[in-house]
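Please model the entire structure based on the sequences and the hints provided.
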Amino acid sequence: MNVCYENIRIVSPVQQLHITGYLWIKNGIIEYVGEQRPDVPNDVEILKGNDLVAAPGFFDMHVHLREPGQTHKETIETGTDSAANGGFTGVVCMPNTEPAIDSIQTLEFIKNRSANNIVNVHCCATITKARKGDELANMLSMVEAGAVMFSDDGGCVESADMMRRAFDYTSPFDALLTQHCEEHSMTKNFAMHEGSVSADLGLKGYPSVAEDIIVARDILLAEYCGNRRYHAAHLSTKGSVRLIADAKKRGQRVSGEVAPHHFILTDEAVRGYNTNAKMNPPLRTQADVEAMWQALSDDVIDVIATDHAPHTFEEKMVEFDNAPNGIVGLETAIGVACTQLLHRNVVSLDKLIEKMSVNPRKVLNLPQPLLQQGAIANITIFNPDAEWSVIPERFLTKSKNTPFTEYQFKGKPVRVFNNLKMVDCML
Amino acid sequence: MERTLQHITSIAHLTRSDAEHIFHLARKFREDFHQGIHQHSLEQKVVVNAFFENSTRTKNSFEIAALRLGAKVVSFSSTGSSVAKGESLFDTLQTLDAMFPDVIVMRNSLSGSAEYATRYVGASILNAGDGKHEHPSQALLDALTLLDVYETLEGKCIGIVGDIVHSRVARSNVLLLRLLGAKVFVCGPQTLIPTDLSTWNVQTCTTVNELIEECDTVMALRIQKERMDAGLIGSAGEYRKFYGIQMEHIETKPSLYVMHPGPVNYGVEIDFDVANSHRSLIRKQVTNGVFIRMAMLSVLKGRE
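Listed in order, the protein sequences are those of chains W and H.
For the first sequence, the numbering used here gives the first residue as 1, with consecutive numbering after it.
For the second sequence, the numbering used here gives the first residue as 1, with consecutive numbering after it.
According to the in silico footprint, chain W covers these stretches of chain H (three or more CB under 8 Å from chain W): (1) 110-118; (2) 130-142; (3) 194-201.
If you're looking for bench data, these hints aren't it; they were derived computationally from the structure.
All C-beta atoms, glycine included, are put in the ideal place defined by N, C-alpha and C.
Below, the structure written as structure tokens:
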């Protein structure tokens, strides 16, 4: 590998770098970044970068890799292949595996299985043992073993007392707690968002307020326990965005993330009982989608994370009520984000890169990859103007449960560099 | 030329002329029946009644309808079928369809299951109730019953009172009554009304008194015991007081008709004397049910 891009846009918000120039990468190391043409030997492959952007590697802090335990849906190998194909160089895998990531053994297993991968795999560990909500997991040992955050994701820590104990217990280590915000007493057997579409389809609704209630509760608990670090996962409602904004204004250390489907689709996508439009949190209304745009633009929402949730064709091709929640997202994230946010002027290119690369690492206290000479290249190359049609057969994820089949997007990942490796994105 | 239909899963897929054609056929079958004329249009056809949820009246009504058209009928209920052993709906449908029936009349406890079935079978699917979604034959027989008394529903005010949120009867009726030009009013305990009715184009009334004041005919829906058990209403007595139809309603508004899809909880949603009074259309609904279902079976295309 010895390539030099010319006339490529190089954008690294943490370095306040936004130039058009040259980027030379040799054997996975950045040889040169700058506006002046470097003196490159003859054996260097020169690539036209006119339509391309080079950014610090994109990072998805909410991915279900399904291993251990559900390898018929996805494995660490297929999940990281999918991540790289979608333009990501780092992911956090969520702990609702079987067994759950509630022990050092499972953490180590994932670490070993993902070693030497082009994609850095970090773990979110559980708050409670087996995600049952009854007893705290060995959180301190898992902090020591490298867990970057904690959540019982897939479900919510139902008991306010247990959540309070988790904040207290980890406070000496200043761990990050993240929550799947769902007041389960209000959402039993839900199939979709509670609104006009659920009224038409006769499906049990999940009212927005059931998300808001937990966001509000957790913000209060985080404050009570001494301004703890808190990250609200996959926000979907106008109400929870308002709560996050308010907490930030008051100086709380809270952050929030949104999944691409929640800023492009509404509950209308469920009509026809489309199980690929079934996820948790469910698709909401146009007003909620617009609240997400505003929150991304105002930096109330820090992070775009996919909530990549693979399920097999057989699992999804059942009656709507019986279908599992979730869609794959790693390979459509850049397409959705560029189409819906960048090209509609919701966010600038720099801000898009912040939400997909800088901020997730900032929230997790991980080092920021730098685009500078001598650094190991951890870079996402993408073409924000490339138009393409989604063909799920090209996905490298083991499952193809996407609502975006045949969608036209403008913005496509091209290539990723990380850990001295290089992968071309083939979508 | 009236069109034939591959499936009937939702009133939303019918045009007004589809509905009127079904009424026309149903009336013709009714007249023929009273003159002792037998039908043979579905001879050699096989109709499967696949009831994945308990039903007595709808299942019997469909069976009789198919038999009166000369079809061969096979019926099953989920108790005693492979579904009870854990076979998926997909497999059950594929298995049934591999025996080449012409029509599958299907009832299932999950919303959307009728539409789901259409994706995997070559037979015509006739939705006999899918969860909380729709019950098209009930709405069509209700409308035929109303048309027997009013001639047209254009501008007529029809009320539906009860457990709207869980009711497939309500959803199909709202769609069909609006299609036929009626004004629709709904009423019920707020815990049993969908939170967002903006797409329904209906008006809401607070109590049954208000509803009856507004409406020419009121349909009462059955209150399932499980709703009471779930604590969604205070008590049966309180329900009757605010939402039950009682004799005094008919006394104060003698032009009112009352309907009920059955089975009735007397003294809760409707009193016994009201349900059996000369203003009750309940028996007519049941009779019309068979003729409507004959008409629905007749407009289906059958196997593709």
